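J.: Protein chains in written order, with my numbering: chain A, 1 to 399; chain B, 1 to 351.
Derived from the structure by calculation, the hints contain no laboratory data. All values reported here derive from a predicted model rather than from experimental measurement. A portion of the hints provided could be inaccurate.
[To be verified] To list a few chain A residues with every Cβ distance to chain B over 12 Å, as calculated: (1) R39; (2) P70; (3) Q119; (4) P125; (5) Q157; (6) I213; (7) G219; (8) C283; (9) D286; (10) A294; (11) R301; (12) R334; (13) R338; (14) L350; (15) R368; (16) I372.
[What the hints assert, rightly or not] Some chain A residues judged to face chain B by a derived CB distance under 10 Å, without partners named: (17) T155; (18) A158; (19) S161; (20) T165; (21) Q167; (22) W170; (23) M341; (24) S346; (25) I379; (26) L383; (27) L389; (28) M391; (29) E394.
Backbone N, C-alpha and C define an ideal beta-carbon position, used for all residues, glycine too.
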Amino acid sequence: MNAPMNPAANLSDDAAFRSEVADWMRTHLSGRFAQLRHRGGPGDEAFEPTLRKDWERELAAGGWTCVGWPRAHGGRELSIARQVIFYEEYARAGGPGRMGHIGEGLIGPTLVKYGNAAQQARFLPAIVAGREYWAQGYSEPNAGSDLANVQTRCTRQADGSWRVTGQKIWTSLAQESDWIFVVARSEPGSKGNKGLSFLLLPLAQSGIQIRPIRQLNGGAEFNEVFFDEAIADSDALVGAPGEGWKIAMALLEIERGVSTLGQQMHFAHEFSCVIAAAKAFGCDRDPSIRDRIARAATGLRTMRYNALRMLAGDALSLGREALIYKYFWSNWHRDLGRLAMDVLGSAGDLPSDDPLIRPLQQLFFFSRADTIYGGTNEIQLNLIAERGLGMPREPRPAA
Amino acid sequence: MDFTFAEQQIAFRDAVRKFLIIEAAPEMLREIWETKSGRSRELRCKLADQGLTAISVPETYGGIGLGDLDWILLQVELGYYAIPDSLSDTAYLASWLLEHLPADLALKREWLPRIAAGTARIAVGHPVNLLVADAELADLILLWHDDEIHGVTASDVKLTPQVSIDASRRLYAIEWSPSARTRLCSAKQGAGLWQQVLNRGALALAAQLLGLAQRMVDLGVDYAAQRKQFGKPVGAFQAVKHQLADVAVKIEFTKPVLFRAAYAVDRDLDDAAIQVSHAKLAAGDAARLAARNALQAHGAMGYTWEADLQMFMKRAWALDAAWGDRGFHKQRVADAIFADGAELGPGSTFN
């Protein structure tokens with residue numbers, strides 16, 4: 001958003017748009033949807049999935065899904081500035097975690113860029129309408145940080161369709177999704193990031209088994225997904241055979257784009273919950289807590305300005321400011337979780353439905369995983385050092 | 001002070017360690033956690049057979065008559081193995097409190113031999129804790145009331161179970177009415193005793209947190225040695241191994257602080273409260289860093305129910321806030337430093 005550097009530009013139009021979003025959210029995030037406010041975020045993704053899908057359709061009916069997509073594919077083609085406003089107002093109103101995030105934020109834009117016309121026509125309208133939901137099939141038991149070590153394999157049949165065999169893991173909400181995109185090895189004997197292909201598969205088929213993974217907090221929003229000669233039809237391949245890695249990486253870059261701004265609004269909400277609890281529990285005068293709250297406040301602002309700066313250019317390019325973002329937010333958020341528990345003191349030990357306590361406990365538990373999923377701290381620092389600073393790569397075995 | 005432990009103390013620690021390796025394996029802990037009571041009579045009997053219930057009880061009451069310095073190494077092991085049993089509450093805290101009650105020999109004659117024999121569970125309700133641990137199974141509950149000490153049984157009170165993030169704990173909200181019948185000790189005499197119970201409660205948890213920290217590092221080291229990415233064990237990468245080394249440093253620097261606190265409590269030194277608070281904070285720091293870095297070393301596996309790490313992390317997170325949270329213990333240290341006439345400087349700090 002270039003408004004701070006260019007204050008005269010379109011301010012009144014933007015303000016009108018902002019109140020349009022806010023009004024819509026106020027009117028629609030009510031009634032049966034009211035219980036979704038501030039719910040369904042990371043660590044809470046299993047909350048009321050059916051109702052949250054209804055909410056996606058409510059958004060779709062109002063034209064609020066895929067707001068940044070090109071008009072030709074059913075989006076609103078909003079400018080970055082407008083998208084920011086939308087995400088801000090969505091989060092400010094307590095808009096729930098988006099069930100459609102992987103479709104709208106990841107595979108949709110990837111298909112816009114790399115999909116063929118038939119794939120675009122088949123999949124994009126259902127994402128825009130909130131009819132179909134997607135899961136991401138990247139990680140495997142032996143391909144975590146070493147993502148290129150994919151062992152799931154796919155073979156093309158005489159009729160042009162594909163058979164996929166192998167295992168994916170840490171697949172969010174697979175049990176609630178209709179489709180999964182996978183990176184699989186299409187060239188037998190290939191290693192590393194060569195010989196991979198990017199395929200789209202329906203999840204409801206006998207060749208796919210989904211098993212939930214119980215998390216330390218008792219919930220289960222991740223899954224193992226087992227493929228045994230699972231079928232992908234003849235038009236399931238995105239890009240060319242062997243281009244899987246290129247497409248998979250392009251998708252990850254999109255992941256670090258505009259949707260992160262909504263995340264920051266959610267962080268701002270959590271931060272306000274921490275302050276409210278500090279006041280309620282009487283530790284708002286404790287100097288060590290005050291110091292940590294002040295640090296958290298500066299961190300939140302730093303993230304926001306960096307994100308706006310990151311989006312000021314081409315939102316899909318991965319500049320240095322984008323490289324540092326995951327590392328920064330995940331550590332900040334993990335610390336916020338720790339701070340939340342320290343604010344609660346011994347009350348934090350008791351799982352509670354108290355609206356002052358429950359969100360903070362949830363924040364603490366799930367933020368333990370922030371520095372791991374989506375690229376660990378260690379991988380992020382390697383990226384910053386190797387790609388950002390051009391330092392020599394960590395020695396790796398020959399691919 | 002001499003930081004060397006006696007050979008006998010080391011030998012006792014080693015024996016208990018060998019016993020717990022077998023009797024408190026993670027899969028057994030999980031089994032016990034899943035039960036309603038969360039406690040195993042069999043495990044308690046075995047702990048008694050090892051002499052663990054008799055440590056603090058004076059020989060005249062059928063015990064071994066040992067003290068805080070004998071306990072401290074054992075508490076570290078109880079933390080390391082995260083046993084689902086409130087052994088320390090009964091055999092360390094309640095035993096000490098009962099023994100030091102003024103007079104009332106009948107009460108001591110009734111309970112101390114049972115503690116030693118492992119046939120009594122005693123819960124302790126101190127106001128620094130919101131809830132009373134293990135109150136439901138307790139044969140006797142010792143409670144604070146305006147510095148008085150009261151003794152009640154579970155049938156005298158209303159207990160409401162509260163779930164902890166650590167499935168190995170059994171916590172209860174307690175509603176009760178103090179009366180002349182339940183009163184064991186006046187406020188005048190009770191105040192000092194409660195203060196000492198508080199120090200011992202926090203000291204015990206500091207030691208357990210240290211044990212937990214060591215366990216989490218060990219689990220992190222094991223996992224990082226087994227898990228391979230980029231064609232080698234992830235523990236070979238400095239980014240991973242240095243994090244576990246950081247925890248090892250924290251743990252080693254916590255030990256002298258912990259042992260000094262045990263010594264101060266044992267000798268009833270004036271600075272016992274500060275030493276204990278320092279130890280609790282240091283051990284809490286070590287355990288928190290251990291949880292964070294061992295989890296990081298485990299990658300996504302560390303966040304699962306299946307990996308054993310979660311049992312020790314949750315225990316550490318819960319104990320960090322029990323018997324005085326961080327704010328409480330920092331305040332005690334600050335109060336001592338800022339007190340009028342506080343003895344600061346090399347002449348007193350390094351005593």
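J.: Does each hint hold? Answer for all of them.
T.: Hints versus structure:
1. For R39(A), the shortest C-beta to C-beta distance to chain B comes to about 20 Å, beyond the 12 Å cut-off, and the non-interface label holds.
2. Separation of P70(A) from chain B is adequate, the least Cβ-Cβ distance of about 35 Å exceeding the 12 Å criterion.
3. With a least CB separation of 30 Å from chain B, Q119(A) remains clear of the 12 Å interface cut-off, as annotated.
4. At the 12 Å boundary, the C-beta of P125(A) stays outside the reach of chain B, the nearest C-beta of that chain being 34 Å off.
5. Consistency note on Q157(A): stated as away from chain B, and its beta-carbon is indeed over 12 Å from all of that chain's, at 33 Å minimum.
6. The non-interface label for I213(A) is inconsistent with chain B: the shortest C-beta to C-beta separation is roughly 6 Å, within 12 Å.
7. Against the 12 Å criterion, G219(A) falls within the reach of chain B, whose nearest CB is about 10 Å from its own CB.
8. At roughly 6 Å, the least C-beta separation between C283(A) and chain B is not larger than 12 Å, which violates its mark as non-interface.
9. Non-interface status of D286(A) relative to chain B is broken: a Cβ of that chain comes within 12 Å, the nearest being about 5 Å off.
10. Non-interface call for A294(A) relative to chain B: holds, since the shortest CB-CB distance, roughly 17 Å, exceeds 12 Å.
11. No beta-carbon of chain B comes within 12 Å of the beta-carbon of R301(A); the shortest separation is about 25 Å.
12. Against chain B, the non-interface label of R334(A) is violated: not every CB pair exceeds 12 Å, the least being about 8 Å.
13. Look at R338(A): its CB is around 7 Å from the nearest CB on chain B, not clear of 12 Å, so calling it non-interface is violated.
14. The claim that L350(A) lies off the interface is violated: its Cβ sits roughly 5 Å from the closest Cβ of chain B, which falls inside the 12 Å cut-off.
15. A beta-carbon of chain B is positioned within 12 Å of the beta-carbon of R368(A); the least distance is around 6 Å.
16. For I372(A), the condition that its CB be more than 12 Å from all CB atoms of chain B is violated, with the nearest at approximately 6 Å.
17. Hint status for T155(A) relative to chain B: violated, with the closest Cβ pair at about 26 Å, above 10 Å.
18. Interface hint at A158(A): violated, since its Cβ lies 36 Å from the closest Cβ of chain B, which is beyond the 10 Å cut-off.
19. Of the supplied interface hints, the one on S161(A) is violated, with its beta-carbon coming no nearer than about 32 Å to a beta-carbon of chain B, more than 10 Å.
20. Annotation: T165(A) was flagged as interfacial toward chain B, and the flag is violated, the nearest CB pair being 22 Å apart, outside 10 Å.
21. The restraint placing Q167(A) at the interface with chain B is violated, with a minimum CB-CB distance near 14 Å, outside the 10 Å limit.
22. A hinted interface residue such as W170(A) counts as satisfied when its beta carbon comes closer than 10 Å to some beta carbon of chain B; here the least separation is about 5 Å, so the hint holds.
23. A hinted interface residue such as M341(A) counts as satisfied when its beta carbon comes closer than 10 Å to some beta carbon of chain B; here the least separation is about 7 Å, so the hint holds.
24. A least Cβ separation of about 4 Å between S346(A) and chain B falls short of the 10 Å threshold, and the interface hint therefore holds.
25. For I379(A), the interface hint holds, since its Cβ comes within 10 Å of a Cβ in chain B; the closest pair sits about 9 Å apart.
26. With a cut of 10 Å, the hint placing L383(A) at the interface with chain B is violated, because the nearest CB-to-CB distance is about 12 Å.
27. For L389(A), the interface hint is violated, the least distance from its beta-carbon to any beta-carbon of chain B being 15 Å, above 10 Å.
28. Restraint check, M391(A) versus chain B: the minimum CB separation of about 13 Å is more than 10 Å; hint violated.
29. Interface hint status for E394(A): upheld, as the beta-carbon distance to the closest one in chain B is roughly 7 Å, under 10 Å.
This entry does not satisfy hints 6, 7, 8, 9, 12, 13, 14, 15, 16, 17, 18, 19, 20, 21, 26, 27, 28, going by the numbered hints stated previously.
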